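> Take a look at the letters that make up each chain.
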Amino acid sequence: MGLDMLYPRIVQNRFVLACLFLILLYILISLGGSFLLPHHPNAQSLAEANRGPSFANWLGTDYLGRDLLARILAGVRVSLIIAFFATLINITVGFLVGSAAGLIGGVVDRFLTGLIDIFWCIPPFLVVVMLTVVLEPGIKNIFIALGAVFWVPTARIIRGEAYQLRNAPFIRLARLQGAGYSRIILLHILPCCFPVLLTTAIFSIPDAILAEAFLSIVGLGVTAPQASLGVLISDGLQSFRVYPWQWFFPVLTLIVLVLCFNLLGDMLHRSFRDRSKGILEYD
Amino acid sequence: MLVYILKRAGFNLGVMLVVVTLTFFLMHLLPGDPFMSQRLNPEIKANLYAKHGLDQPVARQYLDYLSALARFDLGESLKYPGRTVNEIIAESFPVSAAVGILALVLALVLGVTLGVLAGVWQSRWPDRLILAFSTLGLSIPNFALGAGLVYLFALKLKIFPVAMLEKPIDLVLPVLTLAAWPAAVITRLIRTEMIEVLKRDYIIAAMVRGLDPARVILRHALPNALPAVIHYSGPLAATLLTGSFIVEKIFALPGLGQYYITSIGNRDYNLVAGITIFYTFVLLVATFLTDLLAFSMNPQLRYRNGS
Chain A
17 MGLDMLYPRI VQNRFVLACL FLILLYILIS LGGSFLLPHH PNAQSLAEAN
67 RGPSFANWLG TDYLGRDLLA RILAGVRVSL IIAFFATLIN ITVGFLVGSA
117 AGLIGGVVDR FLTGLIDIFW CIPPFLVVVM LTVVLEPGIK NIFIALGAVF
167 WVPTARIIRG EAYQLRNAPF IRLARLQGAG YSRIILLHIL PCCFPVLLTT
217 AIFSIPDAIL AEAFLSIVGL GVTAPQASLG VLISDGLQSF RVYPWQWFFP
267 VLTLIVLVLC FNLLGDMLHR SFRDRSKGIL EYD
Chain B
255 MLVYILKRAG FNLGVMLVVV TLTFFLMHLL PGDPFMSQRL NPEIKANLYA
305 KHGLDQPVAR QYLDYLSALA RFDLGESLKY PGRTVNEIIA ESFPVSAAVG
355 ILALVLALVL GVTLGVLAGV WQSRWPDRLI LAFSTLGLSI PNFALGAGLV
405 YLFALKLKIF PVAMLEKPID LVLPVLTLAA WPAAVITRLI RTEMIEVLKR
455 DYIIAAMVRG LDPARVILRH ALPNALPAVI HYSGPLAATL LTGSFIVEKI
505 FALPGLGQYY ITSIGNRDYN LVAGITIFYT FVLLVATFLT DLLAFSMNPQ
555 LRYRNGS
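Protein sequence lines correspond, in order, to chains A and B.
Take any residue in the first sequence, note its place counting from 1, add 16, and you have its number in my numbering.
Take any residue in the second sequence, note its place counting from 1, add 254, and you have its number in my numbering.
Be aware that one or more of the hints could be misleading.
Unchecked claim - Here are the simulated lysine-lysine pairs, DSBU-like style, with alpha carbons at most 35 Å apart: (1) 299/B <-> 156/A; (2) 503/B <-> 299/B; (3) 156/A <-> 503/B; (4) 503/B <-> 333/B; (5) 503/B <-> 410/B; (6) 299/B <-> 333/B; (7) 333/B <-> 156/A; (8) 412/B <-> 503/B.
Keep in mind the hints are simulated off the structure, nothing from the lab.
Owing to the predicted nature of the structure, the values given are computational and were not obtained by experimental measurement.
Using the sequences and the hints given, assemble the complete structure.
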């Protein structure tokens, strides 16, 4: 199914359309929202620490008197940046490894498949934690660490796809005409794998957002004055018994964001392959 | 069967070796050293280095570590002098394991029951209700659910303690938090499988002959839906472990996850490496056992891989 077939499906499904709009809204607000607010996300004023939601601070303030709304907007931006680059690494590495293994076959395939199999068995969060510790936490290192484990399932799926395509007439023809592996991978396999890659990418974004939150709670979040959704939630977990809003608003922001991506991904998944085994399916 | 077991065991051993090597060298790449914060004079520091073998060449340290590991000795903690990593694991893992196993059992019981109910009443109101609940369970991350449960049941309703571990009832909230996501996933897996199985000819034949519907569902249909869950148990175990960090943090349980997190901050090489290796070992064994279970439950697999 091509992209042109996707358009009516999205428009017809109000639910998914709403998700798409919400995601766009998140992106727009996180990019431009902090300019509209009078508060700087890192500006402290200890006199106003731990205030509840009010007219001046719509979502209240945190333990250093920083405006929670401004922090959430900045946090959404950081979380989305981490998720975007983790996903980019995921699909780039996953696609290249998978398609090389499936297309070239032979020793290369056996080596890469072995690599994938071994990585498959290593619990991903242990690798992420170790890598973040070694690289030192920070936006760049968090998405590198996430990308370093996310590519494994992607490579496995793409290898299967490339393996099936390997002897397709148009690929054999391209090879007869002297096309190299890199040309075949980029011009012939990539377009065929596009639906799978798109679905994987959409599902990888909420995974990365959640993984970032996990890292922050474990104590490996982005460095101090910066906010990410994970850092906000982790701070909120320290104080939710007394100041529940400091925990509630970041969590709500995160859940809505993750849910939107999951629903969108589920729609893509079901429209690309006509099976009803999505993660969040309704009949 | 034996060939299959040996093959899998060999592969798992290989994975363990990779993990050990990776952890060892990553830990030695770490910036800073474990005794940095204590401001020791150089002689004491040199003595400490010598005691833990840190003055040896890295290759030598690696070999020493491997040979100790072969004797199941994970070394001594660098931050808690005199305590071995084995002791720390032996002391704190039971807490993590108790929560994890209870959560797993709860998730299985809830998931299979709800999944069967939803599958049998497909598209009617029980199904819709269960689906709505499982969507909720999938979408709410455990750090949100855990804190939410504490706020509601411990602070507002005062049914359970906030963070304490004295009586078994104190485990209710942590176990619930940990079990929600797996239960939702299992519900969906079982539901999808049940819907497919219930359409098969042999089920219709059994129904037509007038067998008790409950018996047909439980004895004829359910066994064919279960392997999906068993195959999913690997990622499930990993999820439970990841979840246990968060749950132990929120509910202040003295489990292994807490030690893992502190040891990372302390740059306690031996403890981090030891716990990582231990976790990998536990997960590999769990996956291995469930694979064997799947293997013995499903005759098709037995013939395909047959020796």
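> State for each hint whether it applies.
Results of checking the hints against the structure:
no. : hint            : verdict
1   : 299/B <-> 156/A : holds (34 Å)
2   : 503/B <-> 299/B : holds (33 Å)
3   : 156/A <-> 503/B : holds (26 Å)
4   : 503/B <-> 333/B : holds (21 Å)
5   : 503/B <-> 410/B : holds (21 Å)
6   : 299/B <-> 333/B : holds (13 Å)
7   : 333/B <-> 156/A : holds (30 Å)
8   : 412/B <-> 503/B : holds (20 Å)
The earlier numbered hints are all upheld by this structure, with none contradicted.
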